[in-house]
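Peer 1: The residues making up each chain are set out below.
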Amino acid sequence: MIELVLGGARSGKSAYAESLLKRSGSNVVYIATAQAFDQEMSERILHHQLQRPAEWQLIESPLVLAETLDSLSNSEHYLLVDCLTLWLSNHLLADESSLAAEIDRLLAVLARMSCRVLLVSNEVGMGIVPENRLARRFRDEAGWLNQRVAQIADKVTLVTAGMPLVLKGQNL
Amino acid sequence: MIELVLGGARSGKSAYAESLLKRSGSNVVYIATAQAFDQEMSERILHHQLQRPAEWQLIESPLVLAETLDSLSNSEHYLLVDCLTLWLSNHLLADESSLAAEIDRLLAVLARMSCRVLLVSNEVGMGIVPENRLARRFRDEAGWLNQRVAQIADKVTLVTAGMPLVLKGQNL
Amino acid sequence: MIELVLGGARSGKSAYAESLLKRSGSNVVYIATAQAFDQEMSERILHHQLQRPAEWQLIESPLVLAETLDSLSNSEHYLLVDCLTLWLSNHLLADESSLAAEIDRLLAVLARMSCRVLLVSNEVGMGIVPENRLARRFRDEAGWLNQRVAQIADKVTLVTAGMPLVLKGQNL
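Protein chains in written order, with the numbering used here: chain P, 137 to 308; chain F, 137 to 308; chain D, 137 to 308.
These are calculated hints, taken from the structure and not from any lab test.
The reader is advised that the hints may include incorrect statements.
Which copy? The list can't say, so a pair holds if one copy fits it or any two copies do.
[To be verified] Subject to a maximum C-alpha distance of 27 Å in a straight line, what follows is the list of computed DSSO-like cross-link-like pairs (lysine-lysine):
#1 158 - 304
#2 304 - 291
#3 291 - 158
Owing to the predicted nature of the structure, the values given are computational and were not obtained by experimental measurement.
Using the sequences plus the hints, can you model the full thing?
Peer 2: Written out as C-alpha cells, the structure reads:
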C-alpha cells in the first residue's frame, strides 16, 4: 500500500506521518533523503531525529531512493520516506539532465512495492511564481511528482497546522 | 452555472478541469488567456494544448475576457476559461490603472451568463509575502478576484496533487 | 473555547472570522496586532477597520498579546485576535532572542482562557523556500505556532477564496 502525506513547510506533516507509523505497531524503516549541507540543515535533521523512536531502522538515501525501495519491496517493515521533495532537490542540484529518468524509475518501483510505504512530500506551489529559474523548475517538478505519486497512491492526506485532511482514500 | 477550480502551480487543476468537460460530453469552447512572451511560456502553452481534445474550439482571449464571455453568454457550449490569474496578470502588466474596472466588468458578465462556465484559477497566497511590489499587488488582486468569483460560483473545488476537494456546492 | 481560522493572504479569512462573530450576536473585543509602518500597511489596516461593526471594542496589541488576553480571560466578550502571524512578525523584528519565551507565554495564556477566543492566522508555508534568512525563520515559526495553537484549539478552519473548510472540530 502506498500512502502520500503532503503539507507545507512546518505543517506538521512529518510528525503526523510518524504518528501513523507509531500507532501501527509495525517495525519501521525510516528512509531519510536529507543531506546536511550546512548548519541550518544539520539542525533540522537533528530536530527530526530526536522525535523518532530509537528502535526504527534508519537508511540514508539522498539520491538512490529507487534502488533503496526496490531492495525493500518485499519487506515486512513499514517504510517511511521523508521526504520526496528533498530527494527531488538533491537530484536537481546533482544532475538536472537525468532527473526525468530518475523520476520514472522511482515511479516504476513504487508501483510494484508489495510492502506498506508512506511518502512525505512538500506542497510548494501555492505562492507567487519564484524569480529564480531553478526554483521555478523545482516547483514544477515537485508539483508533477506529487501528482504522479498521488495517482498511484491508495491514500493521500494534506496536513495543515498538524491537522490531516484526507484527499484520496479512506481513514485506513 | 459557474464553477471555479482553484489550485497551486502544477497542482493538476487544468487537467482536472479538462477531465470534467470531457466527461460531460458537451461541446466545449476553450478560452485561453495565456500569452507567449518567452520560450518557457511557449512550452507551457504547448504542453497544455497537446492534452486537449482536437475538437474543442479555441479562443485566445488574454485581455478582453469579459467581452469574449459576454458574446457567448447564451451559448450551448460548455466554456472553459484557463486561467483567471493569467488574465489578471496580463491586465496588471498592460495597464494597472484600469484593472479595477476590468475586474468589475468581468464579474458583471459572469453573473449573467446563462451557459455553463468553468474557470480555472491559481491559489497564490500561501507563501511568504513577496519582496517585489508588483508581486504583492498581484497576490492581493488574485486573492480578491478568487473570493469574488467563488462567491457567485455554484461550485468551488480546490485541487492538490491532482486530487479535488469540493469547497462549495456538491459533486454535480 | 479556542478557535483558529487559517488562510493565505487575501483568502477572506478575516472576513470569514468577522462573519462568525457578527452572527454570534455576542459583544466583541477586536484585538488588532497590526502596526502601520508604512503607507501600504496603513491602507490595509483602514480597509479592515471599515468592514467591522462600529460597536466592537478595539484593543491594539502588537506585542503584549499574552498580557492582553490574560487580562480578558474571564471576559463575557467574544475575543477576536487578528492576526497571530503579525504578532509573531512584530516580535521577530523587535527582538528575535525573546521570541521562544513570548510564544510559550501566549500558549500558556490561551490554554487557560475561559472566554471564547477566535484567532486568525496566516498559512505561509506552501510556497518555495525563501532566499532570505529572516523570511525562512518567520515561515518556520509561523508554522510551528499554527500547529501549537491548532493542537489546543477546539476548532480549526482553513479558508480558501472565502470558503471555509473545517480541519478540526464540528460546525459549532
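Peer 1: Compare the structure with each hint and give your call.
Peer 2: To see whether the hints hold, each was checked on the structure:
Taking the shortest alpha-carbon separations for residue 158 and residue 304, both the intra-copy value of 22 Å and the inter-copy value of 22 Å come in at or below 27 Å. In the homo-oligomer, the alpha carbons of residue 304 and residue 291 lie at most 27 Å apart both inside one protomer (5 Å) and across protomers (19 Å), since each shortest distance falls under that limit. For the identical chains of this complex, residue 291 and residue 158 are neighbours both inside a copy (18 Å) and across copies (25 Å), given an alpha-carbon limit of 27 Å.
In summary, this structure violates none of the numbered hints.
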